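Engineer: Fit chain B to the supplied structure of chain A, relying on the hints for placement.
The listed protein sequences correspond, in order, to chains A and B. First residue of the first sequence: 1, per our numbering; consecutive thereafter. First residue of the second sequence: 1, per our numbering; consecutive thereafter.
Hint data in this document are derived by calculation from the structure and do not stem from the laboratory. This structure is a prediction, so every number in the text was calculated from the model and none was measured. Mixed in with the good hints, there may be bad ones.
Here are the computed lysine-lysine pairs in the DSS-like style, where the Cα-Cα straight-line distance is at most 25 angstroms [as the list claims (entries may be wrong)]:
{"id": "1", "chain 1": "B", "residue 1": "Lys104", "chain 2": "A", "residue 2": "Lys158"}
{"id": "2", "chain 1": "A", "residue 1": "Lys67", "chain 2": "B", "residue 2": "Lys184"}
{"id": "3", "chain 1": "B", "residue 1": "Lys46", "chain 2": "A", "residue 2": "Lys72"}
{"id": "4", "chain 1": "A", "residue 1": "Lys94", "chain 2": "B", "residue 2": "Lys46"}
{"id": "5", "chain 1": "B", "residue 1": "Lys128", "chain 2": "A", "residue 2": "Lys244"}
{"id": "6", "chain 1": "A", "residue 1": "Lys41", "chain 2": "B", "residue 2": "Lys184"}
{"id": "7", "chain 1": "A", "residue 1": "Lys72", "chain 2": "B", "residue 2": "Lys187"}
{"id": "8", "chain 1": "A", "residue 1": "Lys114", "chain 2": "B", "residue 2": "Lys128"}
{"id": "9", "chain 1": "B", "residue 1": "Lys187", "chain 2": "A", "residue 2": "Lys94"}
{"id": "10", "chain 1": "A", "residue 1": "Lys94", "chain 2": "B", "residue 2": "Lys54"}
Pairwise CB distance ranges (calculated) [what the hints assert, rightly or not]:
{"id": "11", "chain 1": "A", "residue 1": "Thr147", "chain 2": "B", "residue 2": "Lys195", "range": "57 to 63 angstroms"}
{"id": "12", "chain 1": "B", "residue 1": "Glu144", "chain 2": "A", "residue 2": "Arg231", "range": "32 to 38 angstroms"}
{"id": "13", "chain 1": "A", "residue 1": "Asp180", "chain 2": "B", "residue 2": "Glu194", "range": "15 to 21 angstroms"}
{"id": "14", "chain 1": "B", "residue 1": "Glu102", "chain 2": "A", "residue 2": "Thr215", "range": "22 to 28 angstroms"}
Sample of chain B residues lacking proximity to chain A, with all beta carbon distances greater than 10 angstroms (derived) [as the list claims (entries may be wrong)]:
{"id": "15", "residue": "Leu86"}
{"id": "16", "residue": "Glu102"}
{"id": "17", "residue": "Ser138"}
{"id": "18", "residue": "Ile168"}
We put the CB at the ideal spot given by N, CA and C, even for glycine.
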Amino acid sequence: MLAKRIIPCLDIKDGRVVKGVNFVKLRDAGDPVENAQFYEKEGADELTFLDITASSENREIILKVVKRCAEKVFMPFTVGGGIRSLEDIRSLLKAGADKVSINTAAVKNPSLIKKASQKFGNQCIVVAIDARKKESSWEVYIYGGRTPTGIDALKWAKKVEELGAGEILLTSMDKDGTEDGYDIKLTKSISEEVNIPIIASGGAGNPEHLYQVFTLGKADAALAASIFHYRKYSVKEAKEYLRKRGINVRV
Amino acid sequence: MGNLRSVENAFKSMGYEAIITRDSARILNSSGLVLPGVGAFRDCMKNLNTYGLKEPLYKFIESKKPFLGICLGFQVLFEESEEFGLCKGLGILKGRVVRFPEDKLKIPHIGWNTIKIKKECPFLEGIKDSSYFYFVHSYYVISEKKEIIATTTDYGIEFASSIWKDNIFACQFHPEKSQRLGLKILKKFAETCEKNVG
Chain A
1 MLAKRIIPCL DIKDGRVVKG VNFVKLRDAG DPVENAQFYE KEGADELTFL DITASSENRE
61 IILKVVKRCA EKVFMPFTVG GGIRSLEDIR SLLKAGADKV SINTAAVKNP SLIKKASQKF
121 GNQCIVVAID ARKKESSWEV YIYGGRTPTG IDALKWAKKV EELGAGEILL TSMDKDGTED
181 GYDIKLTKSI SEEVNIPIIA SGGAGNPEHL YQVFTLGKAD AALAASIFHY RKYSVKEAKE
241 YLRKRGINVR V
Chain B
1 MGNLRSVENA FKSMGYEAII TRDSARILNS SGLVLPGVGA FRDCMKNLNT YGLKEPLYKF
61 IESKKPFLGI CLGFQVLFEE SEEFGLCKGL GILKGRVVRF PEDKLKIPHI GWNTIKIKKE
121 CPFLEGIKDS SYFYFVHSYY VISEKKEIIA TTTDYGIEFA SSIWKDNIFA CQFHPEKSQR
181 LGLKILKKFA ETCEKNVG
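Looking at chain A on its own, in the form it has when it is part of the complex (with noise of 0.2 angstroms):
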């Protein structure tokens, strides 16, 4: 049976991790190569390196970050942040990177989606969306959650499925950071919506809150941060227990 994939995210800016493992012995906790070997031991599924740094010149950094990993990581990972165009795609994946995941660039060029999964596969193209409750649906933003679109997420969801996407990455703005718990009903919501897996971000605090949103939330992947990187719970730990309420997860 196909299990519920655990993945860590871990947030990149020049080159380095802002945002990953702490408390931990790393040699060097700032390398990204370092922390991915730290999750890929936990038993995580997949892991996302989210590419923060602000400047577009920097994209030969984040080559660099995938193309080590790639070297020493035998898990499939994701590199999100910063993507606009087939050529991003293309030295992304060539670097070794086995998904790329695309946000804005993807509201204000749709036919991205449709070029870079018929060129490069629908499994390797994953939608990010930002959603944020407005009144009783979901607004998607864009531009790191600084600018609404005023497209309703449920139809955006449909729309990058028939486009050629192969996952959605679906962050509750609302719940990110919070971690009282993921958007169930967003969640619950696009995934019954599109025929596509969805990998639910945001909100994450404990082990239970994997469990809804998996069940409740019919999640096929769980995305999270703090709640791995500040060592509240191991990836390992985390699954033990949705095993033991009956998940199937791969321990």
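Structural biologist: This is chain B only, laid out in the frame that chain A set:
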């Protein structure tokens, strides 16, 4: 594309020499051949044609040296695929490639799933039944000859997740992305290639 590099990295990390090439002489001179591949069936066949790789592929497999097909490199061994309209494959093995039923589960099939071992296979030595491997695909293989199926995996339907026939081992999952157990399979493959040379 990504996995081409990953497969190379995996072999190198274990101390084996691996090169990425489209040169037919180098292909035929190698002690083992891996055809990885993610992406679309039609593009893959088109590229094999464009770069004149079909002949060396057939020749290599005939030579009985170890061959490993991964994901799309597994699927193209069969006769045809229904991906984006019918498309002919290499036809080395009998069978076809079809899409997962739309109404059952999410497509693509992405993530870690278990294998059921159907027959003893040297390339799966040391791999236990129900081990997890990483999958990412929307189409699966229906092999005409059931006896070549080494493992199956369940995703709404039970499909062939790997096959073994003579010098050919091919799998739908990605050993290069399946951590320790995946590397074990690649190591076994590399060892078999080395034996051939020695």
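Engineer: Determine for every hint whether it applies to the structure shown.
Structural biologist: Structure-based check of all given hints:
For a cut-off of 25 angstroms, the pair hint linking Lys104 (chain B) to Lys158 (chain A) stands: about 18 angstroms separates their Cα positions. A hinted pair counts as satisfied when its Cα atoms are at most 25 angstroms apart, and Lys67 (chain A) with Lys184 (chain B) qualifies at roughly 22 angstroms. Proposed proximity of Lys46 (chain B) and Lys72 (chain A) is contradicted: the alpha carbons are some 32 angstroms apart, above 25 angstroms. Taking the CA atoms of Lys94 (chain A) and Lys46 (chain B), the gap is near 20 angstroms; set against the 25 angstroms cutoff, the hint holds.
Distance hint between Lys128 (chain B) and Lys244 (chain A) is fulfilled; the C-alpha atoms sit about 22 angstroms from each other, no more than 25 angstroms. For the given pair, Lys41 (chain A) sits about 16 angstroms from Lys184 (chain B) by alpha-carbon distance, which is consistent with the 25 angstroms threshold. For the given pair, Lys72 (chain A) sits about 16 angstroms from Lys187 (chain B) by alpha-carbon distance, which is consistent with the 25 angstroms threshold. For the hint pairing Lys114 (chain A) with Lys128 (chain B), the CA-to-CA distance comes to about 40 angstroms; that exceeds 25 angstroms, so the pair is violated.
This hinted pair checks out: Lys187 (chain B) and Lys94 (chain A) have alpha carbons roughly 24 angstroms apart, not beyond 25 angstroms. The suggested pairing of Lys94 (chain A) with Lys54 (chain B) holds, with an alpha-carbon distance near 23 angstroms, which does not exceed 25 angstroms. At roughly 60 angstroms, the beta carbons of Thr147 (chain A) and Lys195 (chain B) sit within the given window of 57 to 63 angstroms. Between Glu144 (chain B) and Arg231 (chain A), the C-beta spacing of about 52 angstroms breaks the proposed range 32 to 38 angstroms.
Here the CB-CB span from Asp180 (chain A) to Glu194 (chain B) is close to 55 angstroms, at odds with the stated 15 to 21 angstroms. At roughly 24 angstroms, the beta-carbon separation of Glu102 (chain B) and Thr215 (chain A) lies within the given 22 to 28 angstroms, and the hint holds. Annotated as non-interface, Leu86 (chain B) keeps its C-beta farther than 10 angstroms from every C-beta of chain A; the closest such distance is 18 angstroms. Once the 10 angstroms rule is applied to beta carbons, Glu102 (chain B) is inconsistent with being away from chain A; the minimum gap is 7 angstroms.
Some Cβ of chain A comes within 10 angstroms of the Cβ of Ser138 (chain B); the nearest lies about 7 angstroms off, and the non-interface call is violated. No Cβ of chain A approaches the Cβ of Ile168 (chain B) within 10 angstroms, the least distance being about 23 angstroms, so the stated non-interface status holds.
The structure fails to meet hints 3, 8, 12, 13, 16, 17 from the earlier list, while all remaining hints are met.
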